[in-house]
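Student: Chain by chain, the residues run as shown.
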Amino acid sequence: MYRYDEFDHAFVSARVEQFKDQVERRLAGELTEEQFRPLRLMNGVYLQLHAYMLRVAIPYGTLSGRQMHKLAHIARRYDRGYGHFTTRQNIQYNWPALSDMPAVLDELASVEMHALQTSGNCIRNVTADHFAGAAADEAADPRPYAEILRQWSSMHPEFSYLPRKFKIAVTGADRDRAAIQVHDIGLHLKKNEAGELGFAVYIGGGQGRTPMVAKKIRDFLPIEDLLTYTTAIVRVYNLNGRRDNKYKARIKILVHETGTEEITRQVETEWQAIKDTDLKMPQQDVDAIDNYFRMPNLPQRPEGWSQLAAARKADASFARWVDQNVTPHKNPDYGVVTISLKPIGGIPGDATDAQMDLVADIAEKFSNDEIRVSHEQNLVLPHVAIADLRIVYDLLLTDGLATANAGLITDIIACPGLDYCALANARSIPVAQRISERFGKPERQADIGELKIKISGCINACGHHHVGHIGILGVEKKGEELYQISLGGSGDEICTIGDITGRGFSSEEIVDAVETIVDRYLLVRTDKEENFLATYRRLGAAPFKDALYNETANAA
Amino acid sequence: MSVKVLTANRLTDGEAVWLGANGDWLDHIDGALVARHAEAVAALEEAGKAAIKSNLVIDVNVIDVEERGTNLYPLRLRERIRQLGPTIRLDLGKQAEKTSANAA
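Protein chains in written order, with my numbering: chain G, 1 to 556; chain X, 1 to 104.
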């Protein structure tokens, strides 16, 4: 894992001191809210419906046991005993007092954490594949490059006041688990035919009110050019992105309005002028960062396989959990464990202080002291020996963390929605809870197979509904919550924006509507191997629209 | 009939508050100053501006409520959730304080 150097420590401490002073001046009335608002947002402090909210950055979703213990401590001491892991691989606290914020940031700084780049029109916290550095299928670990981008982008003098926020995501595998094509810049780390590493570069993706799939503008960018090329992209955006209309200010609109060919030309022209300047990365600098992310020295544990076979046979629940929540590791004696934060009927992404402490303890003992936060609002133990799976499962079971549903219909992404968020128009979490309860039986979930439901409580799409296999968007209509359904979205390597089915459904109707869609899928799929998305891509929206809107005709 | 009250979030901790008839900011909507005509609404708006200046609250808004018996019922769901707390965690927010007060 990356460790702060002297510069990082000094930088984060200076920011805490600066913000402490700003909070004191605000509370003393020396700063107005108008003056203070942009300052608090630069430090991750928002105002929600019930209280302030603090959004803490977890760069590329990686943290240690010590850091997770600290997050638990903050939840206990300064909040209401829980935190909410988000689709941006961050954690949000929903109840901290403004007067406590400097103390919280101090606590975070003591474990090399902060709340920078979690708000404002800057380059936000860089996200990455949550299985990075462990997954059997990756070409290389993308996190060193995410860290290089973090160092380059923090307090970047040219890019601190962009037309709008700017999100970069990196993956190192062909199977895209970081949804890079719905980011402002998506980077796919891969090897060329000569075995050299480089990036496919995508720009102009995003969700929100105008969802767009990113356009590939480079198939292979050498590693050494990462920062010069990224600078060229952000510079073109900073110069030409619209500042007259907040809703048209993201780079996706610029790419769309300018055209991919022309924007690529502009980026390339800019890049030619700077490609051999100071930002060209010497290999030794890349190696220095890469060293922090080396695969840990994992001892051989071949005994795990026979133990696993016996344990699976003895306990069907454990077997189900292994099948669903454990994925292949680079080292065959190990597995990557997804800890579901989606208990049946629970709140997606929430974890109590005790659960965070438990995960931290398990990670310290059984996962080389590493934890990941996924954009799907789960936690991940990246390096667990197959031989330790049973004990890890038993420990997770003690506090409701062993739900065997990763990737299934109850593994729902949901934004905080109107239960907390000042921007929301409708609630998301209760809809997720009711869907989870409806489909909660293990046999039913297994029969349905892979199906990603994603729910947002407003058009900003924090719940990623545009890329849900079934997406649900909550709106307010005549004072009531109304839920619009879209189908066929996907945030993986074959990225698509879902199609809206038609008229929306009331809060009372929405779960039945989802069940209608699922039942129709079960009826029309070729066999169990054809998952929901594949069926939708084969048949289109027609059978599902028919099921949803022609019930009377169907009954007749 | 819809009438109006003034709501905001307290500066120090962000808690939802309502302007009371006595000029204090109240933790609960009960006892909020009700404006029943345009002049009274204008007075609420002025009070809001003054409260922002005096550094007590932020995000001040006039909202629609209905008088139901002795209770004030916000018309928008958003405001009802602010009044009570998250609908998914009845142990949190003002609804929890009320429950524990009733239990005591």
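Honestly, the hints are just simulated from the structure, not real lab data.
One or more of the hints may lead you astray.
[What the hints assert, rightly or not] Straight-line C-alpha distance at most 35 Å; calculated DSBU-like pairs for lysine-lysine:
| no. | chain 1 | residue 1 | chain 2 | residue 2 |
| --- | --- | --- | --- | --- |
| 1 | X | Lys53 | G | Lys20 |
| 2 | X | Lys49 | G | Lys165 |
| 3 | X | Lys94 | G | Lys545 |
| 4 | X | Lys94 | G | Lys280 |
| 5 | G | Lys477 | X | Lys94 |
| 6 | G | Lys528 | G | Lys216 |
| 7 | G | Lys545 | X | Lys49 |
| 8 | G | Lys20 | G | Lys191 |
| 9 | G | Lys477 | X | Lys49 |
| 10 | G | Lys528 | G | Lys190 |
| 11 | G | Lys216 | G | Lys190 |
| 12 | G | Lys275 | G | Lys441 |
| 13 | G | Lys190 | X | Lys53 |
| 14 | X | Lys94 | G | Lys478 |
| 15 | G | Lys20 | G | Lys190 |
| 16 | X | Lys49 | G | Lys20 |
| 17 | G | Lys165 | X | Lys94 |
| 18 | X | Lys94 | G | Lys248 |
[As the list claims (entries may be wrong)] Partial selection, computed: residues in chain X whose CB lies under 7 Å from chain G:
| no. | residue |
| --- | --- |
| 19 | Asn9 |
| 20 | Arg10 |
| 21 | Ala47 |
| 22 | Ala51 |
| 23 | Leu56 |
| 24 | Asn61 |
| 25 | Leu84 |
| 26 | Leu90 |
| 27 | Gln95 |
Glycine included, every Cβ here is placed at the ideal spot set by N, Cα and C.
Student: Look at each hint and say if it fits the structure.
Tutor: Now for the hints, and whether the structure bears them out:
1. X:Lys53 to G:Lys20: Roughly 22 Å separates the two Cα atoms, so the pair holds.
2. X:Lys49 to G:Lys165: Holds - the C-alpha atoms of Lys165 of chain G and Lys49 of chain X are around 31 Å apart, at most 35 Å.
3. X:Lys94 to G:Lys545: violated, 42 Å
4. X:Lys94 to G:Lys280: Given pair Lys94 of chain X, Lys280 of chain G is violated - Cα atoms ~55 Å apart, limit 35 Å.
5. G:Lys477 to X:Lys94: holds, 27 Å
6. G:Lys528 to G:Lys216: Given that 35 Å is the threshold and the Cα spacing comes to 34 Å, the pair holds.
7. G:Lys545 to X:Lys49: violated, 50 Å
8. G:Lys20 to G:Lys191: violated, 46 Å
9. G:Lys477 to X:Lys49: Satisfied, since the Cα-Cα distance of roughly 30 Å is no more than 35 Å.
10. G:Lys528 to G:Lys190: The hint holds at about 32 Å.
11. G:Lys216 to G:Lys190: holds, 14 Å
12. G:Lys275 to G:Lys441: Measuring from Cα to Cα gives roughly 56 Å; hence the hint is violated.
13. G:Lys190 to X:Lys53: The given pair, whose Cα atoms are some 56 Å apart, is violated under the 35 Å limit.
14. X:Lys94 to G:Lys478: Satisfied, since the Cα-Cα distance of roughly 26 Å is no more than 35 Å.
15. G:Lys20 to G:Lys190: This hinted pair is violated, its Cα atoms lying about 43 Å apart.
16. X:Lys49 to G:Lys20: Given pair Lys49 of chain X, Lys20 of chain G holds - Cα atoms ~27 Å apart, limit 35 Å.
17. G:Lys165 to X:Lys94: holds, 34 Å
18. X:Lys94 to G:Lys248: Violated: Lys94 of chain X and Lys248 of chain G sit about 38 Å apart, past 35 Å.
19. Asn9: This interface hint holds because 6 Å falls under the 7 Å limit.
20. Arg10: violated, 9 Å
21. Ala47: Violated. Min distance 17 Å.
22. Ala51: violated, 11 Å
23. Leu56: violated, 10 Å
24. Asn61: Nearest chain G Cβ about 11 Å off; hint violated.
25. Leu84: At 9 Å from the nearest chain G Cβ, Leu84 of chain X fails the 7 Å test, so the hint is violated.
26. Leu90: violated, 11 Å
27. Gln95: Since the shortest Cβ distance to chain G is 11 Å, the answer is violated.
Against the hints set out earlier in the document, violations occur for numbers 3, 4, 7, 8, 12, 13, 15, 18, 20, 21, 22, 23, 24, 25, 26, 27.
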